[in-house]
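Chains as they are written, first to last, in this note's numbering: chain A, 1 to 473; chain B, 1001 to 1473.
One should not assume that every hint holds.
Okay, derived cross-link-like pairs now, PhoX-like style, lysine-lysine, Cα gap no bigger than 20 Å in a straight line [to be verified]:
id, chain 1, residue 1, chain 2, residue 2
1, A, K14, B, K1314
2, A, K146, B, K1146
3, A, K14, B, K1241
4, B, K1146, B, K1319
Think of the hints as simulated: they come from the structure by calculation, not from any bench.
Number of protein chains: 2
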Amino acid sequence: MSKMTENGMMSRAKVLTIDTINPTVKKVEYAVRGPIVQRAVELERELSQGMKKPFAEVIKANIGDAHAMGQQPITFFRQDAKSRACRILQSCGGHSMGAYSASQGIDSVREDVARYIERRDGGVPCDPDDIYLTTGASDGIVTMLKLLVCGEGASRTGVMISIPQYPLYSAALAELGAVQINYYLNEEKCWSLDIPELQRALDEARQYCNPRALCIINPGNPTGQVQSRKCIEDVIQFAAKERLFLMADEVYQDNVYADGCQFHSFKKVLFEMGPEYSDTVELASFHSTSKCYMGECGFRGGYMELINMDDEVKAQLTKLVSVRLCPPVPGQALMDLVVNPPQPGEPSYDNFIKERTATLSALAEKAKLTEQVLNTVQGISCNPVQGAMYSFPRITIPEKAVKEATEKGQQPDMFYCMKMLEETGICLVPGSGFGQKDGTYHFRMTILPPSDKLKILLDKVKEFHQKFTQQYS
Amino acid sequence: MSKMTENGMMSRAKVLTIDTINPTVKKVEYAVRGPIVQRAVELERELSQGMKKPFAEVIKANIGDAHAMGQQPITFFRQDAKSRACRILQSCGGHSMGAYSASQGIDSVREDVARYIERRDGGVPCDPDDIYLTTGASDGIVTMLKLLVCGEGASRTGVMISIPQYPLYSAALAELGAVQINYYLNEEKCWSLDIPELQRALDEARQYCNPRALCIINPGNPTGQVQSRKCIEDVIQFAAKERLFLMADEVYQDNVYADGCQFHSFKKVLFEMGPEYSDTVELASFHSTSKCYMGECGFRGGYMELINMDDEVKAQLTKLVSVRLCPPVPGQALMDLVVNPPQPGEPSYDNFIKERTATLSALAEKAKLTEQVLNTVQGISCNPVQGAMYSFPRITIPEKAVKEATEKGQQPDMFYCMKMLEETGICLVPGSGFGQKDGTYHFRMTILPPSDKLKILLDKVKEFHQKFTQQYS
């Protein structure tokens, strides 16, 4: 364990090395902040040190980080919320944001969340006791998965996730040592979720694990589709029939742009299906302050609502979250402002509506623009961005480039995105980080940059793709 | 799996029940927010509904929650920090707290933390790349433990923790399925850490697991001792000899009250021991915005510094923390203010020093008062509260009470604390939640209440203990 070095000192092998680290940690992958982003940060540093690059700035289109992309914070959340702030502070220990809150979250915030959900779902009742405030939606999702994981070998918990998926899911499942069950979204039908594909994935998985949960992201990340009411009903029926715990990631619930599309919450549809379903199907729904028109990612605010959860399990959950004491109180306060926005007659109302409408309209335009421009490029085809904050176009990568990537031990779309970053300063996430059908390649690009910047960005992507295709043909 | 109910509807067994939940979750225990605190919350509700109780208010002396206890936030952290706030915002994406930061934390904050550590440790160098900002110290501690856990059966990772301990450690180890190795602090010698006891615990544990890490809390929680420089040196030597990863929980580094006591950071001592140690011993040190004179718990700010960590492991760590995107940005900003306080000549300096000194002096007085009053009670003996924020007195519980508790399936000190809560409204945490030598009983009480309230509280504790002892004698 120790050896003498040249100068006669004892050198001890490290306790913690890559060979002795928790093996589940090694399996974790999270492409949204992977090697491409690390290189982008280096490039920014190099630029700031005066190194010459073929571009003047790095554009981080890899992540749904609205404020970093220049979206102005909604004024209400930052300045106009004094009377609400007083009410929130009244609920804080010592009337200070610096005090711990209840582990489940501040009571009055959970009450406001419950009323928000009731309004959103046309009166379907919501019990504040079913609301848990979280550190962003990610925290809630990981916590729920943690509860679900058990068993060994063929009875190990399996969790169904869409492919493409948001890599928080695969990362959490890897860390928990659970079995990831892939069901593929149908790219040809605008990334729709088809029940026969769910059934196929489930039936195959039952041979080697114990499938217990089905995760849905609606509106979709990275794929931007918005599920129809019919589709949600079918999914709920499927979950009921197959006895699966439903996890509905609904953080983009305000981000719906396409004509004819509408956000339907899983909870509302569940309750409209009658007591056969609404009394039995277990559902967790997740929301966040980070997305929608707010984009307040840095505050790490969020909540989850739990429907039909067993009481003893809920007690275990409450105990589990208490170990981390409480979600950040500023994030809880911000969540409260989100679910309790200005009402007609209140001083901030007009400005709030103006800013919210402007933000969402701009996103809708940018969604359309992105789809249109990308579809003019030969070798790129992009589904409509019906909702959320990303386009996920399919790209054709020439054989020669695939070969060169493979020789380098890289995924072809990683190779493509790394080259784009080096040549244009544009930071995207390769489709391989989200999962995709074998032999297909994609990238995820956020639609968040301001319109003028987005146009330039899309032109650069177009130009790069053409050059890349030529170079490798 | 399904059965017909009386009204003919199909009833499905739940997917997630107490029998099918993740078994590691069931093992998690966290007494600081356990049944006593749940009952305290109920009692508060009952009081507010006008129910008659033998007390007018519930005093939550269970947790180190300074602001909730009436400690005024330090003005600088809330009002006077404009120029620093501008600098922090300059480092934020889109100059907004609402943007995600780097997963490791904002660069400029990590630089300020590094300079703070250098000042604290008399010039021992600190590299900002070794600093990871965290969501409170708890987050960093759990993340480090996660990296360390591997192996099965007799090669499963074991982690040494003090008994009594802060139950975050036992909870995290239970959840990770690691082996908890208890070493006992010496109550007779003011909760000192004795090396022979470390050796005993380690030697025994080597028979059934693979001990890889040693956790130290200094100043101690719940025990309030402050380790001497000599003791820290001995611990480092022990860790080096036995090849253990050192985890130093130093969140109370400003909370030292007793004459002759001084805080020594593990890092400083390590570097003073020369390169044989400073080049090899792996150390993680944790700090937080929640304790010391700040008491800003609700912001969930913190950092960890990693010494001699393997580079590949660091890359894994960076990847792992990126899955949660970033620690809350308001907490990062507050951490920056803590490590970068007003300097002589700056407008806030005088007031900051006044407030900080007043807060720490008041704590020192309350530490002394608590020890003195508790030691006047027959059947209670309390070590000096040298540091941190709690007293952890030993209590004598009469045989008859032990018997009644056992019949109820309760730990005797849980029985004692629950009775105290019901009769006096005082919420303490039973010693059994922290671990203690068999047959001994304790409780943890924070010294945070304002002096006048603390006196009343201590008198009530005294009175209760006398009554309880009489009742069960």
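Structure-based check of each hint:
As the CA atoms of A:K14 and B:K1314 are separated by approximately 13 Å, the hinted pair is consistent with the 20 Å bound. Between A:K146 and B:K1146 the CA atoms are separated by roughly 14 Å; this keeps the pair inside 20 Å, and the hint holds. In summary, the hint linking A:K14 to B:K1241 is supported, as the alpha carbons are separated by about 12 Å, within the 20 Å threshold. Proximity of B:K1146 to B:K1319 is assessed by CA-CA distance (about 13 Å); at most 20 Å being required, the pair is judged to hold.
Against the hints set out earlier in the document, no violation occurs for any number.
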